[in-house]
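Asks: Sequence:
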Amino acid sequence: MNMRPWWWVAAGLLGALFVLVGLNLDLFGLLERPAAGWVVAFTLPGYALLLLAWWRLGPGWERPRLTAALWGLPLFLALPMHSRDAYAYAAAGWHAARGVDPYRVPLGEAGQPGLLVGAHWTGTTSVYPSLQLDVFAVLSRLTGGDLFWTTVALRLPSVAALAILALVLPALARRMGVDERWALWAGWVNPVLLVQWIGGAHNDALMVALAMAALLAATDVGWRGWRGLVVGGVLLGLAMGIKQSAALFGLGLVAVAWAARLPGYGPVGAPPAEGRDARPVEPAATLVPGWSGWPRLAAAAVVPGAVTVGVFLLTSLSWGLGWRNPTAGSPAEAVSLAPLSWAAAGLRAAGVAGETVNALVTAVSAVLIVTGIAWVWVRLGPRGLSTRAAASWGAPLEERGDPLPFLAAVLAVACVAGPALQPWYATWLIPVVALCVVPRRAWLVGVAALLLLPALQDVLPPPLALLALAPLAFALRRPRAQISA
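Numbered per this note's numbering, the sequence shown spans residues 1327 to 1811.
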(Lines of atoms letter the chains of each structure in order from A and count residues from 1; the text may use other names and numbers.)
(Lines give C-alpha, C1' and ligand atoms only; values in the text may rest on other atoms or scores of the structure.)
Protein backbone atom coordinates (compact mmCIF):
# COMPACT_ATOMS: atom_id res chain seq x y z
CA MET A 1 0.00 0.00 0.00
CA ASN A 2 1.47 3.33 -1.07
CA MET A 3 2.22 5.96 1.51
CA ARG A 4 0.71 9.40 1.07
CA PRO A 5 2.92 11.66 -1.09
CA TRP A 6 3.85 14.00 1.76
CA TRP A 7 5.15 11.01 3.68
CA TRP A 8 7.54 10.35 0.82
CA VAL A 9 8.64 13.98 0.97
CA ALA A 10 9.32 13.47 4.68
CA ALA A 11 11.16 10.23 3.93
CA GLY A 12 13.43 12.03 1.47
CA LEU A 13 14.09 14.75 4.03
CA LEU A 14 14.99 12.09 6.58
CA GLY A 15 17.43 10.58 4.08
CA ALA A 16 19.07 13.97 3.53
CA LEU A 17 19.35 14.43 7.31
CA PHE A 18 21.04 11.03 7.58
CA VAL A 19 23.66 12.21 5.10
CA LEU A 20 24.11 15.52 6.94
CA VAL A 21 24.67 13.81 10.29
CA GLY A 22 27.07 11.22 8.92
CA LEU A 23 29.28 13.69 7.07
CA ASN A 24 29.31 16.39 9.74
CA LEU A 25 30.18 13.95 12.52
CA ASP A 26 33.23 12.74 10.61
CA LEU A 27 35.56 15.57 11.59
CA PHE A 28 38.49 13.59 10.21
CA GLY A 29 36.75 13.99 6.86
CA LEU A 30 38.28 17.47 6.79
CA LEU A 31 41.59 15.72 6.15
CA GLU A 32 42.34 14.12 2.81
CA ARG A 33 41.92 10.50 3.76
CA PRO A 34 39.32 7.80 3.11
CA ALA A 35 36.13 8.43 5.03
CA ALA A 36 35.60 6.49 8.23
CA GLY A 37 33.88 3.19 7.54
CA TRP A 38 30.92 4.08 9.70
CA VAL A 39 30.15 7.15 7.55
CA VAL A 40 28.75 5.00 4.74
CA ALA A 41 26.36 3.52 7.30
CA PHE A 42 24.74 6.96 7.22
CA THR A 43 25.27 8.07 3.63
CA LEU A 44 24.27 4.92 1.74
CA PRO A 45 20.94 4.40 3.59
CA GLY A 46 20.32 8.14 3.39
CA TYR A 47 20.80 8.18 -0.36
CA ALA A 48 18.75 5.01 -0.78
CA LEU A 49 15.88 6.63 1.11
CA LEU A 50 16.20 9.81 -0.95
CA LEU A 51 16.20 7.77 -4.16
CA LEU A 52 13.14 5.77 -3.13
CA ALA A 53 11.24 8.92 -2.13
CA TRP A 54 12.02 10.60 -5.45
CA TRP A 55 11.00 7.53 -7.41
CA ARG A 56 7.75 6.98 -5.55
CA LEU A 57 6.69 10.61 -5.86
CA GLY A 58 7.19 10.39 -9.61
CA PRO A 59 6.54 13.06 -12.24
CA GLY A 60 2.91 13.40 -11.18
CA TRP A 61 3.82 15.02 -7.85
CA GLU A 62 2.47 18.57 -7.77
CA ARG A 63 4.99 20.15 -5.38
CA PRO A 64 8.41 19.50 -6.92
CA ARG A 65 9.82 22.95 -6.07
CA LEU A 66 8.92 22.77 -2.39
CA THR A 67 10.22 19.21 -2.27
CA ALA A 68 13.57 20.23 -3.74
CA ALA A 69 13.85 23.04 -1.18
CA LEU A 70 13.15 20.70 1.74
CA TRP A 71 15.56 18.03 0.54
CA GLY A 72 18.25 20.54 -0.32
CA LEU A 73 18.25 22.40 3.01
CA PRO A 74 20.21 19.77 5.01
CA LEU A 75 22.70 19.45 2.14
CA PHE A 76 23.17 23.23 2.17
CA LEU A 77 24.56 23.05 5.70
CA ALA A 78 26.70 19.93 5.32
CA LEU A 79 30.47 19.94 4.98
CA PRO A 80 31.49 19.77 1.29
CA MET A 81 30.27 16.38 0.13
CA HIS A 82 32.36 13.73 -1.64
CA SER A 83 34.85 16.22 -3.08
CA ARG A 84 37.41 18.79 -1.99
CA ASP A 85 36.62 21.14 -4.86
CA ALA A 86 34.81 23.56 -2.56
CA TYR A 87 38.04 24.12 -0.63
CA ALA A 88 39.84 24.90 -3.89
CA TYR A 89 37.06 27.38 -4.71
CA ALA A 90 37.43 28.94 -1.26
CA ALA A 91 41.21 29.20 -1.71
CA ALA A 92 40.86 30.88 -5.11
CA GLY A 93 38.31 33.28 -3.64
CA TRP A 94 40.59 34.01 -0.68
CA HIS A 95 43.36 34.99 -3.11
CA ALA A 96 41.14 37.05 -5.40
CA ALA A 97 39.44 38.90 -2.53
CA ARG A 98 42.87 40.07 -1.35
CA GLY A 99 44.10 41.11 -4.77
CA VAL A 100 46.42 38.10 -5.10
CA ASP A 101 46.48 36.63 -8.60
CA PRO A 102 45.03 33.08 -8.35
CA TYR A 103 46.77 32.27 -11.64
CA ARG A 104 50.22 32.95 -10.17
CA VAL A 105 50.04 31.92 -6.50
CA PRO A 106 49.34 28.25 -5.63
CA LEU A 107 46.05 27.39 -3.97
CA GLY A 108 47.84 25.87 -0.99
CA GLU A 109 49.11 29.32 0.00
CA ALA A 110 45.61 30.74 0.49
CA GLY A 111 45.59 30.94 4.27
CA GLN A 112 43.16 28.66 6.09
CA PRO A 113 41.29 27.48 2.96
CA GLY A 114 44.59 26.47 1.38
CA LEU A 115 45.19 23.92 4.13
CA LEU A 116 42.24 21.81 2.97
CA VAL A 117 42.82 21.91 -0.79
CA GLY A 118 43.23 18.43 -2.27
CA ALA A 119 46.79 17.11 -2.45
CA HIS A 120 46.73 17.02 -6.27
CA TRP A 121 45.93 20.74 -6.44
CA THR A 122 47.61 22.31 -3.41
CA GLY A 123 50.72 23.24 -5.41
CA THR A 124 48.83 24.36 -8.52
CA THR A 125 47.20 27.62 -9.52
CA SER A 126 43.51 28.08 -10.34
CA VAL A 127 42.02 26.41 -13.41
CA TYR A 128 38.81 28.46 -13.50
CA PRO A 129 37.99 31.47 -15.72
CA SER A 130 38.06 35.06 -14.51
CA LEU A 131 34.30 35.46 -14.07
CA GLN A 132 34.24 32.46 -11.76
CA LEU A 133 37.16 33.89 -9.77
CA ASP A 134 35.22 37.13 -9.36
CA VAL A 135 32.26 35.16 -7.98
CA PHE A 136 34.55 33.30 -5.57
CA ALA A 137 36.01 36.63 -4.43
CA VAL A 138 32.57 38.12 -3.73
CA LEU A 139 31.60 35.11 -1.63
CA SER A 140 34.89 35.22 0.27
CA ARG A 141 34.36 38.89 1.10
CA LEU A 142 30.76 38.16 2.10
CA THR A 143 31.90 35.64 4.72
CA GLY A 144 35.06 37.45 5.79
CA GLY A 145 37.11 34.49 4.58
CA ASP A 146 35.70 32.18 7.27
CA LEU A 147 36.29 28.66 5.98
CA PHE A 148 33.02 27.03 7.03
CA TRP A 149 30.77 29.91 6.02
CA THR A 150 32.62 30.32 2.74
CA THR A 151 31.88 26.71 1.84
CA VAL A 152 28.24 27.32 2.76
CA ALA A 153 28.14 30.52 0.70
CA LEU A 154 29.64 28.66 -2.25
CA ARG A 155 26.28 26.88 -2.49
CA LEU A 156 24.48 30.14 -3.25
CA PRO A 157 25.42 29.99 -6.96
CA SER A 158 24.03 26.45 -7.03
CA VAL A 159 20.77 27.66 -5.51
CA ALA A 160 20.66 30.41 -8.14
CA ALA A 161 21.34 27.79 -10.80
CA LEU A 162 18.43 25.66 -9.63
CA ALA A 163 16.19 28.73 -9.63
CA ILE A 164 17.20 29.50 -13.22
CA LEU A 165 16.70 25.89 -14.27
CA ALA A 166 13.26 25.80 -12.62
CA LEU A 167 12.20 28.52 -15.07
CA VAL A 168 14.14 27.37 -18.11
CA LEU A 169 13.45 23.63 -18.07
CA PRO A 170 9.61 23.79 -18.20
CA ALA A 171 9.77 26.42 -20.95
CA LEU A 172 12.22 24.31 -22.93
CA ALA A 173 10.04 21.25 -22.35
CA ARG A 174 7.05 23.09 -23.83
CA ARG A 175 9.09 24.07 -26.86
CA MET A 176 10.26 20.48 -27.25
CA GLY A 177 6.80 18.99 -26.77
CA VAL A 178 7.78 17.20 -23.55
CA ASP A 179 5.62 16.95 -20.43
CA GLU A 180 6.76 19.74 -18.07
CA ARG A 181 6.14 17.61 -14.99
CA TRP A 182 8.37 14.88 -16.34
CA ALA A 183 11.11 17.39 -17.15
CA LEU A 184 11.03 18.88 -13.64
CA TRP A 185 10.99 15.49 -11.95
CA ALA A 186 13.77 13.93 -14.03
CA GLY A 187 15.88 17.01 -14.71
CA TRP A 188 15.43 19.29 -11.71
CA VAL A 189 14.26 17.72 -8.45
CA ASN A 190 16.56 14.83 -9.30
CA PRO A 191 18.49 13.89 -6.11
CA VAL A 192 21.77 13.62 -8.05
CA LEU A 193 21.58 17.34 -8.84
CA LEU A 194 20.73 18.22 -5.25
CA VAL A 195 23.61 16.17 -3.85
CA GLN A 196 26.24 17.31 -6.35
CA TRP A 197 25.20 20.91 -6.85
CA ILE A 198 24.15 21.85 -3.33
CA GLY A 199 25.97 19.26 -1.23
CA GLY A 200 29.11 19.26 -3.36
CA ALA A 201 28.89 23.01 -4.13
CA HIS A 202 30.20 22.34 -7.65
CA ASN A 203 30.33 25.26 -10.06
CA ASP A 204 28.98 22.96 -12.77
CA ALA A 205 25.52 23.98 -11.53
CA LEU A 206 25.64 27.58 -12.73
CA MET A 207 27.42 26.55 -15.91
CA VAL A 208 24.68 24.06 -16.80
CA ALA A 209 21.84 26.44 -15.88
CA LEU A 210 23.22 29.22 -18.08
CA ALA A 211 23.90 26.77 -20.91
CA MET A 212 20.33 25.45 -20.75
CA ALA A 213 19.09 29.05 -20.80
CA ALA A 214 21.18 29.52 -23.95
CA LEU A 215 19.40 26.55 -25.56
CA LEU A 216 16.04 28.10 -24.72
CA ALA A 217 17.14 31.44 -26.14
CA ALA A 218 18.21 29.71 -29.35
CA THR A 219 14.58 28.78 -30.03
CA ASP A 220 13.66 32.47 -30.32
CA VAL A 221 13.29 33.23 -34.04
CA GLY A 222 12.80 37.00 -33.73
CA TRP A 223 14.77 39.47 -35.87
CA ARG A 224 14.31 37.09 -38.83
CA GLY A 225 15.96 34.30 -36.87
CA TRP A 226 18.99 36.18 -35.51
CA ARG A 227 17.87 37.31 -32.04
CA GLY A 228 17.96 33.89 -30.44
CA LEU A 229 21.43 33.24 -31.85
CA VAL A 230 22.79 36.46 -30.33
CA VAL A 231 21.14 36.05 -26.91
CA GLY A 232 22.08 32.38 -26.81
CA GLY A 233 25.69 33.32 -27.54
CA VAL A 234 25.68 35.85 -24.70
CA LEU A 235 24.35 33.30 -22.22
CA LEU A 236 26.78 30.64 -23.38
CA GLY A 237 29.66 33.10 -23.05
CA LEU A 238 28.64 33.71 -19.44
CA ALA A 239 28.43 29.96 -18.88
CA MET A 240 31.98 29.60 -20.22
CA GLY A 241 33.01 32.35 -17.82
CA ILE A 242 31.97 30.00 -15.04
CA LYS A 243 33.54 26.85 -16.48
CA GLN A 244 35.19 26.32 -19.85
CA SER A 245 33.37 23.02 -20.40
CA ALA A 246 30.26 25.02 -21.34
CA ALA A 247 31.76 25.28 -24.83
CA LEU A 248 30.45 21.76 -25.45
CA PHE A 249 26.89 23.08 -25.17
CA GLY A 250 27.67 25.31 -28.14
CA LEU A 251 27.17 22.35 -30.47
CA GLY A 252 23.76 21.77 -28.93
CA LEU A 253 22.92 25.44 -29.30
CA VAL A 254 23.61 25.23 -33.03
CA ALA A 255 21.55 22.05 -33.36
CA VAL A 256 18.58 23.44 -31.43
CA ALA A 257 18.72 26.78 -33.25
CA TRP A 258 18.81 25.06 -36.64
CA ALA A 259 15.90 22.78 -35.82
CA ALA A 260 13.89 25.77 -34.57
CA ARG A 261 14.21 27.43 -37.95
CA LEU A 262 13.11 24.47 -40.08
CA PRO A 263 9.50 23.47 -40.71
CA GLY A 264 7.60 20.34 -39.99
CA TYR A 265 9.10 19.07 -36.79
CA GLY A 266 7.46 21.05 -34.02
CA PRO A 267 8.46 24.47 -32.76
CA VAL A 268 12.06 23.58 -31.96
CA GLY A 269 12.88 20.49 -33.91
CA ALA A 270 11.32 17.96 -31.56
CA PRO A 271 7.98 16.29 -32.23
CA PRO A 272 5.11 17.77 -30.22
CA ALA A 273 4.12 15.38 -27.49
CA GLU A 274 1.23 14.52 -25.28
CA GLY A 275 2.75 13.59 -21.96
CA ARG A 276 6.03 11.86 -22.73
CA ASP A 277 5.04 10.33 -26.07
CA ALA A 278 6.31 12.26 -29.07
CA ARG A 279 4.41 12.22 -32.37
CA PRO A 280 5.17 14.27 -35.47
CA VAL A 281 2.55 16.65 -36.83
CA GLU A 282 1.86 17.84 -40.34
CA PRO A 283 4.27 20.62 -41.26
CA ALA A 284 3.15 24.14 -41.92
CA ALA A 285 5.15 26.78 -43.72
CA THR A 286 8.81 27.47 -43.08
CA LEU A 287 9.12 29.08 -39.65
CA VAL A 288 11.85 31.48 -40.74
CA PRO A 289 11.99 32.22 -44.47
CA GLY A 290 15.38 31.64 -46.02
CA TRP A 291 16.78 29.39 -43.28
CA SER A 292 17.93 26.41 -45.29
CA GLY A 293 21.12 25.16 -46.87
CA TRP A 294 24.67 24.83 -45.64
CA PRO A 295 25.48 28.58 -45.73
CA ARG A 296 22.67 29.30 -43.27
CA LEU A 297 23.72 26.40 -41.08
CA ALA A 298 27.23 27.85 -41.02
CA ALA A 299 25.76 31.21 -40.02
CA ALA A 300 23.80 29.51 -37.23
CA ALA A 301 27.15 28.30 -35.90
CA VAL A 302 29.38 31.31 -36.56
CA VAL A 303 27.13 34.03 -35.13
CA PRO A 304 26.52 32.53 -31.66
CA GLY A 305 30.09 31.22 -31.65
CA ALA A 306 31.52 34.69 -32.22
CA VAL A 307 29.24 36.21 -29.59
CA THR A 308 30.18 33.48 -27.11
CA VAL A 309 33.90 34.05 -27.58
CA GLY A 310 33.45 37.81 -27.33
CA VAL A 311 31.50 37.63 -24.08
CA PHE A 312 33.95 35.13 -22.63
CA LEU A 313 36.89 37.41 -23.41
CA LEU A 314 35.09 40.40 -21.91
CA THR A 315 34.46 38.50 -18.68
CA SER A 316 38.14 37.53 -18.65
CA LEU A 317 39.43 41.11 -18.47
CA SER A 318 39.71 41.13 -14.67
CA TRP A 319 42.23 38.26 -14.31
CA GLY A 320 43.11 37.32 -17.87
CA LEU A 321 43.52 33.81 -19.28
CA GLY A 322 45.93 32.50 -16.67
CA TRP A 323 43.97 29.27 -16.35
CA ARG A 324 46.02 28.20 -19.38
CA ASN A 325 49.28 28.43 -17.42
CA PRO A 326 51.23 25.17 -17.00
CA THR A 327 51.10 25.78 -13.24
CA ALA A 328 47.36 25.08 -13.32
CA GLY A 329 47.99 21.34 -13.24
CA SER A 330 46.36 18.54 -15.18
CA PRO A 331 43.17 16.60 -14.38
CA ALA A 332 44.97 13.48 -15.62
CA GLU A 333 47.11 13.49 -12.47
CA ALA A 334 44.34 12.04 -10.31
CA VAL A 335 42.72 8.63 -10.73
CA SER A 336 39.04 9.09 -11.51
CA LEU A 337 36.25 7.25 -13.31
CA ALA A 338 37.84 8.04 -16.70
CA PRO A 339 39.43 5.01 -18.41
CA LEU A 340 42.28 7.26 -19.57
CA SER A 341 43.08 8.12 -15.96
CA TRP A 342 43.49 4.40 -15.25
CA ALA A 343 45.88 4.11 -18.18
CA ALA A 344 47.77 7.14 -16.88
CA ALA A 345 48.09 5.56 -13.44
CA GLY A 346 49.45 2.39 -15.04
CA LEU A 347 52.04 4.34 -17.02
CA ARG A 348 53.19 6.19 -13.91
CA ALA A 349 53.46 2.90 -12.04
CA ALA A 350 55.64 1.63 -14.90
CA GLY A 351 58.03 4.52 -14.34
CA VAL A 352 57.00 6.89 -17.13
CA ALA A 353 57.55 10.54 -16.19
CA GLY A 354 54.47 12.40 -15.02
CA GLU A 355 54.80 15.21 -17.57
CA THR A 356 55.07 12.69 -20.39
CA VAL A 357 52.01 10.83 -19.15
CA ASN A 358 49.96 14.01 -18.86
CA ALA A 359 50.90 15.15 -22.36
CA LEU A 360 50.16 11.72 -23.85
CA VAL A 361 46.80 11.35 -22.09
CA THR A 362 45.75 14.87 -23.05
CA ALA A 363 46.61 14.25 -26.71
CA VAL A 364 44.84 10.88 -26.85
CA SER A 365 41.81 12.38 -25.13
CA ALA A 366 41.63 15.22 -27.66
CA VAL A 367 41.76 12.80 -30.59
CA LEU A 368 39.08 10.55 -29.08
CA ILE A 369 36.77 13.46 -28.29
CA VAL A 370 37.08 15.07 -31.72
CA THR A 371 36.56 11.72 -33.45
CA GLY A 372 33.61 10.84 -31.23
CA ILE A 373 31.91 14.19 -31.72
CA ALA A 374 32.39 13.97 -35.49
CA TRP A 375 30.74 10.54 -35.50
CA VAL A 376 27.87 11.82 -33.35
CA TRP A 377 27.38 14.79 -35.68
CA VAL A 378 27.12 12.48 -38.69
CA ARG A 379 24.55 10.32 -36.91
CA LEU A 380 22.44 12.92 -35.07
CA GLY A 381 23.67 16.39 -35.91
CA PRO A 382 22.09 19.05 -38.16
CA ARG A 383 22.69 19.19 -41.89
CA GLY A 384 22.10 21.89 -44.47
CA LEU A 385 19.15 21.16 -46.77
CA SER A 386 18.05 22.67 -49.99
CA THR A 387 14.99 24.90 -49.69
CA ARG A 388 12.88 22.30 -51.44
CA ALA A 389 14.02 19.47 -49.16
CA ALA A 390 13.56 21.57 -46.03
CA ALA A 391 9.98 22.37 -46.98
CA SER A 392 9.08 18.74 -47.56
CA TRP A 393 7.82 16.57 -44.73
CA GLY A 394 9.00 13.60 -46.74
CA ALA A 395 12.62 14.55 -46.13
CA PRO A 396 14.25 12.02 -43.80
CA LEU A 397 14.12 12.95 -40.15
CA GLU A 398 17.88 12.47 -39.90
CA GLU A 399 18.41 15.41 -42.26
CA ARG A 400 16.93 17.78 -39.71
CA GLY A 401 18.99 16.32 -36.93
CA ASP A 402 17.91 15.29 -33.46
CA PRO A 403 19.20 18.20 -31.37
CA LEU A 404 18.86 17.05 -27.79
CA PRO A 405 20.01 13.44 -28.24
CA PHE A 406 22.85 14.94 -30.28
CA LEU A 407 23.85 17.25 -27.41
CA ALA A 408 23.52 14.45 -24.85
CA ALA A 409 25.77 12.24 -26.97
CA VAL A 410 28.35 15.03 -27.37
CA LEU A 411 28.47 15.56 -23.61
CA ALA A 412 28.71 11.81 -22.98
CA VAL A 413 31.62 11.47 -25.42
CA ALA A 414 33.46 14.36 -23.77
CA CYS A 415 32.96 12.83 -20.33
CA VAL A 416 33.94 9.26 -21.13
CA ALA A 417 36.87 10.12 -23.42
CA GLY A 418 38.18 12.93 -21.22
CA PRO A 419 41.32 12.68 -19.09
CA ALA A 420 39.17 12.89 -15.95
CA LEU A 421 35.61 11.86 -15.12
CA GLN A 422 33.94 12.70 -11.83
CA PRO A 423 30.37 11.84 -10.72
CA TRP A 424 29.30 15.48 -10.90
CA TYR A 425 30.16 15.62 -14.61
CA ALA A 426 27.00 13.58 -15.15
CA THR A 427 24.98 16.60 -14.05
CA TRP A 428 25.82 18.18 -17.41
CA LEU A 429 23.64 15.56 -19.06
CA ILE A 430 20.73 15.19 -16.65
CA PRO A 431 18.67 18.28 -17.68
CA VAL A 432 19.33 17.48 -21.35
CA VAL A 433 18.41 13.81 -21.12
CA ALA A 434 15.27 14.77 -19.18
CA LEU A 435 13.99 16.23 -22.46
CA CYS A 436 14.74 13.06 -24.43
CA VAL A 437 12.80 9.82 -24.64
CA VAL A 438 14.41 7.51 -22.07
CA PRO A 439 12.78 4.45 -20.45
CA ARG A 440 11.90 5.00 -16.80
CA ARG A 441 13.81 1.92 -15.73
CA ALA A 442 16.93 3.39 -17.31
CA TRP A 443 16.39 6.50 -15.21
CA LEU A 444 16.15 4.36 -12.08
CA VAL A 445 19.41 2.56 -12.85
CA GLY A 446 21.26 5.71 -13.84
CA VAL A 447 20.13 7.86 -10.92
CA ALA A 448 20.74 5.06 -8.41
CA ALA A 449 24.28 4.56 -9.70
CA LEU A 450 25.12 8.27 -9.76
CA LEU A 451 23.64 8.83 -6.32
CA LEU A 452 25.41 5.96 -4.57
CA LEU A 453 28.72 6.16 -6.44
CA PRO A 454 30.15 9.21 -4.59
CA ALA A 455 29.50 7.62 -1.21
CA LEU A 456 31.27 4.45 -2.34
CA GLN A 457 34.19 6.49 -3.68
CA ASP A 458 34.65 7.92 -0.20
CA VAL A 459 35.89 4.50 0.91
CA LEU A 460 36.93 2.78 -2.35
CA PRO A 461 39.08 3.72 -5.35
CA PRO A 462 36.92 4.81 -8.33
CA PRO A 463 37.31 1.56 -10.35
CA LEU A 464 36.31 -0.56 -7.35
CA ALA A 465 33.40 1.75 -6.56
CA LEU A 466 32.13 1.21 -10.11
CA LEU A 467 32.54 -2.54 -9.71
CA ALA A 468 30.59 -2.46 -6.45
CA LEU A 469 27.63 -0.92 -8.28
CA ALA A 470 27.44 -3.67 -10.90
CA PRO A 471 25.18 -6.05 -8.90
CA LEU A 472 22.81 -3.19 -8.07
CA ALA A 473 22.56 -2.10 -11.69
CA PHE A 474 21.88 -5.70 -12.75
CA ALA A 475 19.19 -6.12 -10.09
CA LEU A 476 17.43 -2.88 -10.99
CA ARG A 477 17.39 -3.80 -14.67
CA ARG A 478 15.36 -6.92 -13.97
CA PRO A 479 11.64 -6.34 -14.67
CA ARG A 480 10.69 -7.73 -11.27
CA ALA A 481 12.81 -5.06 -9.62
CA GLN A 482 11.11 -2.13 -11.34
CA ILE A 483 9.45 0.13 -8.78
CA SER A 484 6.15 1.57 -9.83
CA ALA A 485 5.58 5.24 -9.22
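Quick caveat, the hints were computed from the structure, so don't treat them as lab data. Keep in mind the model is a prediction, meaning the values are calculated, not measured. Be aware that a few hints might be false.
Taking CB as the label site, the calculated pair distances span [what the hints assert, rightly or not]: (1) S1644 <-> A1497: 40 to 46 Å; (2) A1799 <-> L1643: 42 to 48 Å; (3) L1793 <-> E1681: 29 to 35 Å; (4) G1470 <-> V1690: 41 to 47 Å; (5) A1692 <-> A1492: 31 to 37 Å; (6) D1472 <-> L1351: 51 to 57 Å; (7) R1391 <-> A1692: 25 to 31 Å; (8) T1653 <-> A1689: 18 to 24 Å; (9) L1340 <-> T1653: 42 to 48 Å; (10) R1767 <-> L1399: 28 to 34 Å; (11) A1497 <-> F1800: 23 to 29 Å; (12) R1330 <-> R1424: 29 to 35 Å; (13) A1367 <-> R1330: 27 to 33 Å.
Positions of the beta carbon are idealized from the N, C-alpha and C atoms, including for glycine.
Asks: Each of the hints needs a verdict: does it hold here or not?
Replies: Here's how the hints hold up against the structure:
1. S1644 <-> A1497: 40 to 46 Å: Hint violated: Cβ distance 32 Å, outside 40 to 46 Å.
2. A1799 <-> L1643: 42 to 48 Å: 47 Å, holds
3. L1793 <-> E1681: 29 to 35 Å: For E1681 against L1793, whose Cβ atoms are near 31 Å apart, the range 29 to 35 Å holds.
4. G1470 <-> V1690: 41 to 47 Å: 45 Å, holds
5. A1692 <-> A1492: 31 to 37 Å: 36 Å, holds
6. D1472 <-> L1351: 51 to 57 Å: 21 Å, violated
7. R1391 <-> A1692: 25 to 31 Å: Between R1391 and A1692, where Cβ atoms are some 40 Å apart, the hint is violated.
8. T1653 <-> A1689: 18 to 24 Å: Taking Cβ atoms as reference, T1653 and A1689 lie about 20 Å apart, which means the hint holds.
9. L1340 <-> T1653: 42 to 48 Å: Cβ of L1340 to Cβ of T1653: about 45 Å, so the range 42 to 48 Å holds.
10. R1767 <-> L1399: 28 to 34 Å: Check passed, 30 Å falls within 28 to 34 Å.
11. A1497 <-> F1800: 23 to 29 Å: Since A1497 and F1800 have Cβ atoms about 38 Å apart, the given range 23 to 29 Å is violated.
12. R1330 <-> R1424: 29 to 35 Å: Violated - the Cβ-Cβ distance for R1330 and R1424, about 53 Å, lies outside 29 to 35 Å.
13. A1367 <-> R1330: 27 to 33 Å: 29 Å, holds
Of the numbered hints given earlier, the model fails hints 1, 6, 7, 11 and 12; all others are met.
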